[in-house]
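S.K.: Required output: the full structure, derived from the provided sequences and hints.
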Amino acid sequence: MSGIFTYHNFSLQDTPYLEGQVAVVTGGQAGIGKEITAQLLLHGIEKVIVVARDENKFKTAYDEWRVRKGIELTQDDSRVTFVKCDLGDIEDVYAAAKKIKEQTEYIHILICNAANILFAKELTRRLQEDDDPGAKKVYVNSFSPGNVVTQQWQGWSEHLGRVVGVVIRGLGRWLGQSVEEGAATAVYLATSPEVSERGIRGGYFVPIAKGEEPTRLARDGDLAREVWDWIDDRVAQMLGENWQSGK
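Position 158 (the sequence shown) corresponds to 220 in the numbering used here; numbering is contiguous.
Think of the hints as simulated: they come from the structure by calculation, not from any bench.
Values in this document were obtained by computation on a predicted structure and should not be read as measured data.
Keep in mind that a hint or two might mislead.
[Said to hold, decoys possible] Pairs of lysine to any residue residues, derived as SDA-like cross-links and limited to a Cα-Cα distance of at most 20 Å, are as follows: (1) K199 <-> I262; (2) K160 <-> T143; (3) K161 <-> D148; (4) K160 <-> E117; (5) K198 <-> G264; (6) K146 <-> R130; (7) K272 <-> A197; (8) K198 <-> G106; (9) K272 <-> L74; (10) K146 <-> A159; (11) K146 <-> G106; (12) K160 <-> V84; (13) K160 <-> T122; (14) K131 <-> R141; (15) K198 <-> H170; (16) K119 <-> A176; (17) K199 <-> H170; (18) K199 <-> V257; (19) K131 <-> T77; (20) K199 <-> A176; (21) K199 <-> V145; (22) K272 <-> E288; (23) K121 <-> Q137; (24) K131 <-> D76; (25) K199 <-> R260; (26) K160 <-> N304; (27) K161 <-> V84; (28) K272 <-> N178; (29) K199 <-> I171; (30) K160 <-> D116; (31) K131 <-> G106; (32) K160 <-> N178; (33) K199 <-> E167; (34) K163 <-> E259; (35) K199 <-> C174; (36) K199 <-> E256.
M.R.: If you want it as structure tokens, here you go:
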């Protein structure tokens, strides 16, 4: 019942204090990503690196974090920084990754606001098979934010007309989740000690913090490997065979 019924297995108030941690959040300047960034800042994180295309939206979000959320941020505060990146351009992604490496030695939290269940499961498998003991300390999961009415919902009006768009957005607000509820599952998976204590890996979660079985297609391990290898091959064609070395 993803997005229709909201479970309440976690509250943002239960987010642990994140002192000393560094997070990277893609799309962290708008919609659910903006709320995720706000919650990390509210709970004492050392640094959030927001990766997105539009720096103007980041500046607007920055002001909202200060004014609407009451987050103490000075002008150009180093606690939250912006790295410009078009995630649809692999060369741009590679350049952004280098910039992030220049800003921090460690990443404790990575939240991708455009991802898929297959990759979460395949990355989990690869980490578990890795000989590096550190790989076993990485927990990868996927989540649905539910039906949260954000700016993207304007697309209904563009495709189906203004009246239909208004009706759909109204139903979304009535039956769906708030922005805070949509962000809560991501915050839970990224920060809650339960994840490591219970060994939660490769899972799929719906609002709020409720584990759920995904579709048969999303559980297809062979498909996950094929898609991963296909993308890895295309990236190698663009960036070179040794692209993962960072050289």
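S.K.: Which hint numbers does the structure go against, in order from smallest to largest?
M.R.: 6, 7, 8, 11, 13, 20, 21, 22, 32, 34
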